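Novice: Work out the full structure: start from the sequences and follow the hints.
2 protein chains.
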Amino acid sequence: MATTISTEAPVVTLINVFTVEPEDQPELVRLLDEATETVMRHQPGFVSANIHAGLDGVTVANYAQWRSEEDFEAMLADPVAKKHLAEVASLAKVEPRLYSVVSTHGR
Amino acid sequence: MATTISTEAPVVTLINVFTVEPEDQPELVRLLDEATETVMRHQPGFVSANIHAGLDGVTVANYAQWRSEEDFEAMLADPVAKKHLAEVASLAKVEPRLYSVVSTHGR
Numbered sequence: 002m003a004t005t006i007s008t009e010a011p012v013v014t015l016i017n018v019f020t021v022e023p024e025d026q027p028e029l030v031r032l033l034d035e036a037t038e039t040v041m042r043h044q045p046g047f048v049s050a051n052i053h054a055g056l057d058g059v060t061v062a063n064y065a066q067w068r069s070e071e072d073f074e075a076m077l078a079d080p081v082a083k084k085h086l087a088e089v090a091s092l093a094k095v096e097p098r099l100y101s102v103v104s105t106h107g108r
Numbered sequence: 002m003a004t005t006i007s008t009e010a011p012v013v014t015l016i017n018v019f020t021v022e023p024e025d026q027p028e029l030v031r032l033l034d035e036a037t038e039t040v041m042r043h044q045p046g047f048v049s050a051n052i053h054a055g056l057d058g059v060t061v062a063n064y065a066q067w068r069s070e071e072d073f074e075a076m077l078a079d080p081v082a083k084k085h086l087a088e089v090a091s092l093a094k095v096e097p098r099l100y101s102v103v104s105t106h107g108r
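Heads up: the protein sequence lines correspond to chains A and C, in order.
So the first sequence is numbered by the numbering used here: it starts at 2 and just counts up by one.
So the second sequence is numbered by the numbering used here: it starts at 2 and just counts up by one.
Don't read these hints as lab results, they were simulated from the structure.
The structure presented is a predicted model; accordingly, all values stated were derived computationally and were not measured.
All clues given are correct.
Chain copies aren't distinguished; within one or between two, either way the pair holds.
Below are the DMTMM-like pairs computed for lysine to aspartate or glutamate, each with C-alpha atoms no more than 25 Å apart in a straight line:
1) LYS84 x GLU22
2) LYS94 x ASP57
3) LYS83 x ASP57
4) LYS94 x GLU22
Specialist: Right under this line is the structure:
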């Protein structure tokens, strides 16, 4: 089911912006896809993740939803997730932030 | 209609992360909402915009969709849009990046 963005959804939003060397962008995308499927989506409170490749070639962004801030924090403390996060951090500068959706605008 | 994230959608994605002083977060949200309604959504190629307030109190993110990179670049050159962008830049550090969606993962 596709991720939808709504002020009503009972989620917190993680927007994580990664910066890499241009030659590492495909590898980072692969790593994030693999870790999402094998580790993240089985964590309590995971709702969705969406991997975006920057047109500039040096950024990758993950737009993800978690049930709550507590679920996200618990994931950060999970040993298997931590191993994955360390692997990503060895390849990219990582800037994770949690948000709530405050407004939506369509055409 | 709610924004949906899909690898199939014929859009480019703008993720713009703003950093502000904590006392300016509500004002930046207000400014982005107003500019989106009065200026941005009437520009050719605008698809959607979604304003997010950082739980840390010092970030704001806009997850927006445009029909094409060319439409986004044309907006940047529009005089009315430029006036708005300058107003935002006077309040916040701005980090806009364009992306394509490469993968989506649900629970």
